[in-house]
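The sequence shown begins at 26 in my numbering and counts up one residue at a time.
Treat the hints with caution; some may be incorrect.
Label pairs and their computed distance ranges (CB to CB) [as the list claims (entries may be wrong)]:
hint : residue 1 : residue 2 : range
1    : Lys104    : Lys135    : 50 to 56 Å
2    : Gln221    : Ala45     : 37 to 43 Å
3    : Trp191    : Pro133    : 47 to 53 Å
4    : Trp128    : Val73     : 20 to 26 Å
5    : Val162    : Ser219    : 25 to 31 Å
6    : Ala139    : Gln53     : 46 to 52 Å
7    : Thr132    : Glu177    : 55 to 61 Å
8    : Ser219    : Phe38     : 31 to 37 Å
9    : Leu204    : Tyr131    : 36 to 42 Å
10   : Ala240    : Val74     : 14 to 20 Å
11   : Ile143    : Phe77     : 50 to 56 Å
12   : Lys105    : Trp191    : 19 to 25 Å
13   : Leu34     : Val235    : 18 to 24 Å
Okay, derived cross-link-like pairs now, EDC-like style, lysine to aspartate or glutamate, Cα gap no bigger than 16 Å in a straight line [stated by the list, open to error]:
hint : residue 1 : residue 2
14   : Lys104    : Glu52
15   : Lys105    : Glu52
16   : Lys254    : Glu52
17   : Lys109    : Glu52
18   : Lys104    : Glu29
19   : Lys188    : Glu177
20   : Lys174    : Asp185
Just so you know, these hints were derived from the structure itself, not from any lab. Heads up, the beta-carbon is just placed ideally off N, CA and C, and yes, glycines get one too.
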Amino acid sequence: MPNELLLILSLIFTFSAVIAAFYIFHEQGLFLWTTIATIAANIEALIVVDAFGMEMTLGNILFASTFLVTDILSELYGKKAAQKAVYLGIVTSVFFIPISCSWLLYTPNKNDWAMPSIRTIFSNTPRLMLVGIVVYVVVQLFDVWIYHKWWEFTTKKFGDSRKYLWLRNNGSTMLSQLLNTVLFTLGAFFGVYSFQTLISIMVSSYIIFVVTSLADTPFVYLARYIYNKRFQS
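Model the full assembly from the supplied sequences, consistent with the hints where possible.
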């Protein structure tokens, strides 16, 4: 199956999974998704693929889903709920680093076949996770802050706090993802790949983030619809 098709299917599945978690578990489902995406995205980011004529790392869609989560929480439950999701992501990373590092301390049995692969993957995880924590804190808190600044602007400008959800959603996410792209790529991969590859990864990652930012807007509207019909009726 082509990488391009896999990425499109991954985006649809991932954003739909966020809505499913919200539909089934309400606010707690969004917190649950944050912990899942935080761990999986940092591991998936180790994989570099070619798609749409660009060189890119995986993990971008899962990272984008965390912005979808904070935007839904900001819209429906307020700034404190969105910040709570950010803090849960931080705690998840802090606990996962020593857990994954501890696996590498064991002496494998002579019949073991998994340790070489585990060592290859998770020997790089501490750097990715540490960079991920720092970038996650900065970017996600910025995203929550700028989302509410956009909300104040649209409410003041148009006199309706419900209108122009698409503007505050895309305005906050695109700015946050630009910051995320630069900080995470340099922090995670500087010295690992050539400067040309780093630029390629940043450009491709941000293009993906622009696409995912636009793609997540219907899901934010859907979450608000579910909230009004299912939880407020």
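Do the hints match the structure? See the list:
1. In this structure, Lys104 and Lys135 meet the distance hint of 50 to 56 Å, their C-beta atoms being roughly 55 Å apart.
2. At about 40 Å, the beta-carbon gap between Gln221 and Ala45 stays in the expected band of 37 to 43 Å.
3. The hinted range of 47 to 53 Å is satisfied by Trp191 and Pro133, whose Cβ atoms lie roughly 52 Å apart.
4. The hinted window of 20 to 26 Å between Trp128 and Val73 holds, with their beta carbons roughly 23 Å apart.
5. Taken as a hint, the range 25 to 31 Å holds for the pair Val162 and Ser219, whose Cβ atoms sit roughly 28 Å apart.
6. Judged by the Cβ atoms, the range 46 to 52 Å given for Ala139 and Gln53 is violated: they are separated by roughly 33 Å.
7. Separated by about 58 Å at the C-beta atoms, Thr132 and Glu177 satisfy the suggested range of 55 to 61 Å.
8. Between Ser219 and Phe38, the C-beta spacing of about 33 Å keeps the proposed range 31 to 37 Å intact.
9. Evaluation of the 36 to 42 Å hint for Leu204 and Tyr131 yields a pass: the beta carbon distance comes to about 38 Å.
10. Distance hint check for Ala240 and Val74: the Cβ-Cβ separation is about 19 Å, which falls inside the suggested range of 14 to 20 Å.
11. Between Ile143 and Phe77 the Cβ separation comes to about 31 Å, which falls outside the hinted range of 50 to 56 Å.
12. At about 24 Å, the beta-carbon gap between Lys105 and Trp191 stays in the expected band of 19 to 25 Å.
13. Taking the beta carbon of each, Leu34 and Val235 are about 19 Å apart, inside 18 to 24 Å as hinted.
14. Restraint check for Lys104 and Glu52: satisfied, since their Cα atoms lie roughly 13 Å apart, inside the 16 Å limit.
15. A hinted pair counts as satisfied when its Cα atoms are at most 16 Å apart, and Lys105 with Glu52 qualifies at roughly 12 Å.
16. With a C-alpha separation of about 15 Å, the suggested pairing of Lys254 with Glu52 holds against the 16 Å cut-off.
17. This hinted pair checks out: Lys109 and Glu52 have alpha carbons roughly 11 Å apart, not beyond 16 Å.
18. Restraint check for Lys104 and Glu29: not satisfied, since their Cα atoms lie roughly 35 Å apart, outside the 16 Å limit.
19. Annotation: proposed proximity of Lys188 to Glu177 holds, straight-line Cα distance about 11 Å (limit 16 Å).
20. Restraint check: the Cα-Cα separation between Lys174 and Asp185 comes to about 15 Å, which is no more than 16 Å; the hinted pair holds.
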